[in-house]
Amino acid sequence: MEDENQEGRDGSFVDYYIKENPNCSVEGARKHVMEMISDAWKDLNRECLFSPPFFKLIAQASLNIARMVPLMYAYDENGCLPKIETYMKSLMLNPLD
132 MEDENQEGRD GSFVDYYIKE NPNCSVEGAR KHVMEMISDA WKDLNRECLF SPPFFKLIAQ
192 ASLNIARMVP LMYAYDENGC LPKIETYMKS LMLNPLD
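132 is the number of the first residue of the sequence shown in our numbering; add one for each residue after it.
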């Protein structure tokens, strides 16, 4: 799968999904990935809202890590990740509540 622009689609998973589901198109595989991501966000949000206090801390840490994923794919025109060090320190030291 070609994703040279790093547009948030992990081509390796799309390739894998298509190999496991030969009747599935590339677009169908990408749609499936987006549905999985959406479901995972719903689960994380639900855990943050409705968990006992101890589990809530774990869920919030997981949510903060998940928030970093789009940043990890935010390459500039030089293939670099600008300001990532600043953002990561901010997320780790000042979690979003």
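Worth flagging that the hints you see were computed from the coordinates, not collected in a lab.
Certain hints may be false.
As the list claims (entries may be wrong) - 20 angstroms max Cα-Cα, derived EDC-like pairs, lysine to aspartate or glutamate: (1) K162 <-> D174; (2) K187 <-> D174; (3) K187 <-> E166; (4) K173 <-> E151; (5) K162 <-> E178; (6) K150 <-> E166.
Unchecked claim - Between beta-carbon pairs, the in silico distance windows are: (7) S156 <-> N225: 17 to 25 angstroms; (8) V157 <-> P184: 39 to 47 angstroms; (9) L212 <-> P183: 20 to 28 angstroms; (10) S156 <-> L180: 33 to 41 angstroms; (11) K162 <-> K220: 33 to 41 angstroms; (12) D146 <-> P183: 35 to 43 angstroms; (13) N225 <-> S182: 16 to 24 angstroms; (14) L222 <-> M167: 35 to 43 angstroms; (15) S156 <-> I189: 35 to 43 angstroms; (16) I189 <-> N225: 42 to 50 angstroms; (17) L222 <-> N152: 17 to 25 angstroms; (18) S221 <-> I168: 36 to 44 angstroms; (19) M219 <-> P184: 21 to 29 angstroms; (20) S193 <-> K220: 32 to 40 angstroms.
Note that the Cβ used here is the ideal one computed from N, Cα and C, for glycine as well.
Hint check results:
Of the pairs offered as hints, the one joining K162 and D174 holds, with about 18 angstroms between alpha carbons and a cut-off of 20 angstroms not exceeded. Between K187 and D174 the alpha-carbon distance is near 12 angstroms, which keeps this suggested pair within the 20 angstroms criterion. With a C-alpha separation of about 24 angstroms, the suggested pairing of K187 with E166 is violated against the 20 angstroms cut-off. Annotation: proposed proximity of K173 to E151 is violated, straight-line Cα distance about 26 angstroms (limit 20 angstroms).
A threshold of 20 angstroms between alpha carbons decides the hint, and for K162 with E178 the separation of about 24 angstroms lies outside it, so the pair is violated. For the hint linking K150 to E166, the alpha-carbon distance of about 19 angstroms falls within 20 angstroms, and the restraint holds. A beta carbon spacing of about 43 angstroms between S156 and N225 contradicts the range 17 to 25 angstroms that was offered as a hint. As the Cβ distance of V157 to P184 is approximately 44 angstroms, the hint placing it in 39 to 47 angstroms holds.
Between L212 and P183 the CB atoms are about 36 angstroms apart, so this pair departs from the stated range of 20 to 28 angstroms. Restraint check, S156 to L180: a C-beta distance of roughly 36 angstroms satisfies the suggested window 33 to 41 angstroms. Take K162 and K220: their Cβ atoms lie about 35 angstroms apart, and the range 33 to 41 angstroms holds. In this structure, D146 and P183 meet the distance hint of 35 to 43 angstroms, their C-beta atoms being roughly 40 angstroms apart.
Taking the beta carbon of each, N225 and S182 are about 22 angstroms apart, inside 16 to 24 angstroms as hinted. Between L222 and M167 the beta carbons are some 23 angstroms apart, a value that contradicts the proposed interval 35 to 43 angstroms. Distance hint for S156 and I189: a CB-CB separation of about 37 angstroms, consistent with the stated range 35 to 43 angstroms. Distance hint check for I189 and N225: the Cβ-Cβ separation is about 18 angstroms, which falls outside the suggested range of 42 to 50 angstroms.
The given range of 17 to 25 angstroms is broken by L222 and N152, whose C-beta atoms sit roughly 35 angstroms from each other. Range check, S221 to I168: about 23 angstroms between beta-carbon atoms, so the 36 to 44 angstroms window is missed. The beta-carbon spacing between M219 and P184, approximately 26 angstroms, falls within the hinted interval of 21 to 29 angstroms. Our hint of 32 to 40 angstroms for S193 and K220 is violated, since their Cβ atoms are close to 19 angstroms apart.
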